[in-house]
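Residue-level listing of the chains:
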Amino acid sequence: MATSPYDVAVVGAGPAGLAAAAAALAGGARVALIDAGRQPGGQYWRHRPGDLGAVADLHHDLGAFRRLVAGAAGAVRHFGQHVWTVSGSAADGFTVHAVAGDAETEVPARRLVLAPGAYDRQVPFRGWDLPGVHTAGGAQALLKGHEVLVGRRVVVGGTGPFLLPVAAGLAARGARVAGVYEANRPAGWIRHAGAVLPVAAKLTEGAGYAAALARHRVPFHTRQAIVAAHGGDAVEAVTVARLDHDWRIVAGSERVVECDAVAVGWGFTPQLELPLALGCATRVDADGSLVVEVDERQTTSVPGVHVAGEACGVGGAALAVAEGSIAGVAAAGVTSAPASLRRRRRALRRFAAAMHAVHPVRAGWQSWLADDTLVCRCEEVSAGEVRTALDELGATDVRTAKLLSRAGMGWCQGRVCGYATACLTASCTGTAPDLRGVSERPIAAPISLGTLAGDPGHIGQQ
Amino acid sequence: MPADVLVIGAGVVGAATAWYAARSGHSVTVVDRGPVAGGTTGAGEGNILVSDKPPGAELDLALLSSGLWRDLAVEVGGFEFDPKGGLVVAATPPGYEALVSLASSQSGAGVETVVVPAGELAEHEPHLTPSLAGGVLYPGDAQVQPMLAAARLLRAARARGATVRTGVEVTGFLRSGDRVVGVRTSAGDLPAGAVVNAAGTWGGDIASLAGVDVPVLPRRGFILVTEPLPRLVRHKVFAAEYVANVASDDADLQTSPVVEGTESGTILIGASRERVGYDRTLSVRVLRALAAQAVALFPVLADVKVIRTYRGFRPYCPDHLPVIGPDPRAPGLFHACGHEGAGIGLAAATGRLIAQLLGEEPPSLDLAPFRPERFGPVVAP
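Protein sequence lines correspond, in order, to chains A and B.
Start counting the first sequence at 1; every next residue gets the next number (the UniProt record's numbering).
Start counting the second sequence at 1; every next residue gets the next number (the UniProt record's numbering).
No lab work stands behind these hints, which were simulated from the structure alone.
One should not assume that every hint holds.
Derived DEER-like restraints, expressed as beta-carbon distance ranges [stated by the list, open to error]: (1) B:G265 / A:E440: 17 to 25 Å; (2) A:D233 / B:T129: 25 to 33 Å; (3) A:G279 / B:R231: 30 to 38 Å; (4) A:R297 / B:A296: 45 to 53 Å; (5) A:E392 / B:D189: 25 to 33 Å; (6) B:D189 / A:R342: 51 to 59 Å; (7) A:G384 / B:R165: 20 to 28 Å; (8) B:T129 / A:P49: 38 to 46 Å.
Now the stretches of chain A that chain B is said to cover, found in silico as 3 or more residues with beta-carbon under 8 Å [claimed, not checked]: (9) 199–206; (10) 354–364; (11) 392–403; (12) 422–428.
Residues of chain A clear of chain B, computed beta-carbon distances all greater than 10 Å [as the list claims (entries may be wrong)]: (13) G27; (14) Q43; (15) R66; (16) D260; (17) A277; (18) L341; (19) G454.
A virtual CB, placed ideally from N, CA and C, is assigned to each residue, including glycine.
Could you build all of it, start to finish, from the sequences and the hints given here?
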């Protein structure tokens with residue numbers, strides 16, 4: 001172990017992590033900033049190395065990004081590093097264990113700010129394993145990170161405000177967006193005006209995307225969903241259908257839409273591997289996601305460990321920045337964050353709660369599945385096989401269903417199918433989905449046996 | 001109506017007990033405070049080994065069990081029974097000599113053994129390090145998917161009329177005088193003709209609810225799981241020191257390499273032993289030791305990715321033998337726990353023996369070495 005640890009190690013250099021690093025530095029701390037990417041920005045401000053200008057039109061609030069990067073400039077960067085576990089305690093000090101290729105790095109720190117972000121929540125549907133079917137976030141990442149369009153004629157579906165910038169981005173770069181299929185009715189917003197109006201910038205942002213879709217003549221459908229994808233070697237068409245309140249297909253409403261790519265998103269799943277490895281307490285948020293429980297200072301139930309951003313409740317980049325700033329201040333040992341920052345966090349959290357209220361994922365999606373629809377693509381486990389584990393083999397919880405069916409036991413370790421398996425289990429047992437049972441992954445990133453076996457190069461202080 | 005037999009524990013030992021008892025015509029209820037196979041059963045590799053035991057009571061039990069598992073694979077099936085054999089290797093000439101001598105004594109006890117000189121190791125395991133002194137092949141070693149094994153046995157027992165109640169915690173015993181006549185649970189009283197304690201690592205806690213002492217303690221182990229691969233490792237391969245570690249009384253960390261491929265393509269890597277209570281914290285030190293030993297045995301694994309790790313708690317007794325049989329201190333109570341790291345392998349025989357006792361048949365084996373009261377305070381002569 002290196003003898004002189006950092007005051008604060010920040011894991012994740014997206015909006016929350018950058019803000020945390022900047023705030024901790026401003027508070028006088030020595031800070032290490034660790035991220036799997038080669039440059040800062042996370043998913044939200046994803047761009048090609050050194051080439052933000054090329055995709056500036058696809059981004060939002062780049063001024064904030066530049067300010068945060070400048071503010072975090074004093075942090076020692078460990079970029080391109082995949083954190084495979086974190087260990088230790090406030091009393092003994094923490095160690096962030098990261099791996100890049102065959103080289104392992106251990107970063108010692110007195111306190112941690114974890115800002116791991118989130119990825120697309122997926123629900124399975126017939127044909128979702130066909131090439132050409134992407135997550136909304138995946139389509140967005142290809143566009144922002146590589147200026148690559150997922151297809152020439154794209155159908156976008158799922159639920160949530162994120163579908164708008166994805167569709168707008170695809171259209172702006174020349175794809176024909178054949179339709180956006182939002183499974184909910186966002187008109188429900190009106191009931192939450194009290195939560196929306198205090199963060200008027202969010203309204204402007206939404207209006208901007210709506211205008212862009214109108215300009216590109218992209219049809220926007222509500223209470224409709226992509227319920228199946230069709231094709232031989234790749235997707236050639238999707239079936240869309242009208243949904244009832246519980247998301248069952250309205251009989252006779254199915255329609256086939258031709259396309260060469262699909263982008264679907266059903267909200268986001270926070271990445272909880274690291275907080276769970278440290279034993280942080282969790283709760284279920286308004287969107288049904290498992291999130292880390294934090295206090296006013298973004299402190300978790302584990303002393304010395306702060307969490308900021310999507311991992312403590314999905315709420316977008318602006319909220320992540322506010323939470324990151326508060327976490328950075330707390331981790332630096334400064335007594336308290338400015339009241340204005342806490343007010344901003346409160347307003348943005350109310351906005352997020354309003355979003356979640358109008359964009360729920362309803363259990364009816366399970367009725368779209370055929371028995372042979374794959375739930376787990378890595379291990380090729382079908383919905384029927386998961387149901388056999390529950391109905392015949394006596395599984396009464398998601399962990400047992402997983403171990404008896406192998407759903408979630410392959411390469412992705414349940415990151416993609418964990419939510420679906422938990423929902424199928426819950427429907428069978430009549431309980432609420434237990435996401436904790438599919439979220440613990442003590443090895444947060446794959447590491448080769450040779451690297452794990454070897455002595456890591458220790459990081460000295462700079 | 002009271003069940004003939006109430007089994008506490010829906011792990012593999014409870015499941016095997018339920019199956020054999022139901023097959024013998026008993027009415028059976030299984031209770032578990034958690035889910036099916038939620039304890040140590042779901043945290044191991046699924047070993048059915050005869051290779052890691054010197055001649056003695058446990059080896060006799062293992063041989064009986066290994067035969068019964070082969071029958072169960074046909075009678076019940078659906079749990080990935082794989083008679084792949086075990087290969088024990090030694091790094092040094094003295095180690096090889098000791099191994100060959102152990103094999104010779106095991107052979108006398110009825111274990112099939114094949115001595116494999118260094119030059120022939122590659123024929124059995126092409127990717128083994130060439131720097132070994134030799135090994136012994138045990139064709140009788142096998143593997144099952146342990147959770148499926150428990151779930152399939154319970155399903156088969158249900159088909160014979162057994163009832164399985166998960167999420168039901170035993171909180172005490174019903175007594176009639178000294179006699180155990182059922183259990184108190186979080187879901188009410190469940191009277192029964194006999195009660196079987198198959199609570200694994202928690203078997204000592206159940207025994208104490210009945211006012212008897214059965215010293216079962218947890219011994220933690222970690223397993224590394226690799227990415228799925230085409231079959232690189234054909235057998236269960238382990239180092240000769242593993243046998244010594246299994247029998248050790250040391251509380252400190254011990255590791256010895258155990259490497260095996262599975263039907264799903266992943267490679268499982270063990271084995272570590274620590275007495276640290278029920279601490280579930282990931283130990284980076286243990287994972288490094290396991291990885292280093294696996295790579296030393298199979299250099300080809302250096303570039304293979306670990307994607308998962310899990311840990312479990314082996315139920316061990318001070319003399320490393322399980323507890324199987326009636327408890328004279330609490331008539332009506334039978335124990336079937338404390339199998340340490342061999343619970344999957346020994347489950348079939350344990351279930352069968354308990355079913356024989358319940359049916360008042362003579363057991364297939366002398367159960368004296370496994371009797372529950374053997375740990376009682378030593379009385380000075």
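So which of the earlier hints does this model not fit?
2, 9, 10, 12, 17 and 19
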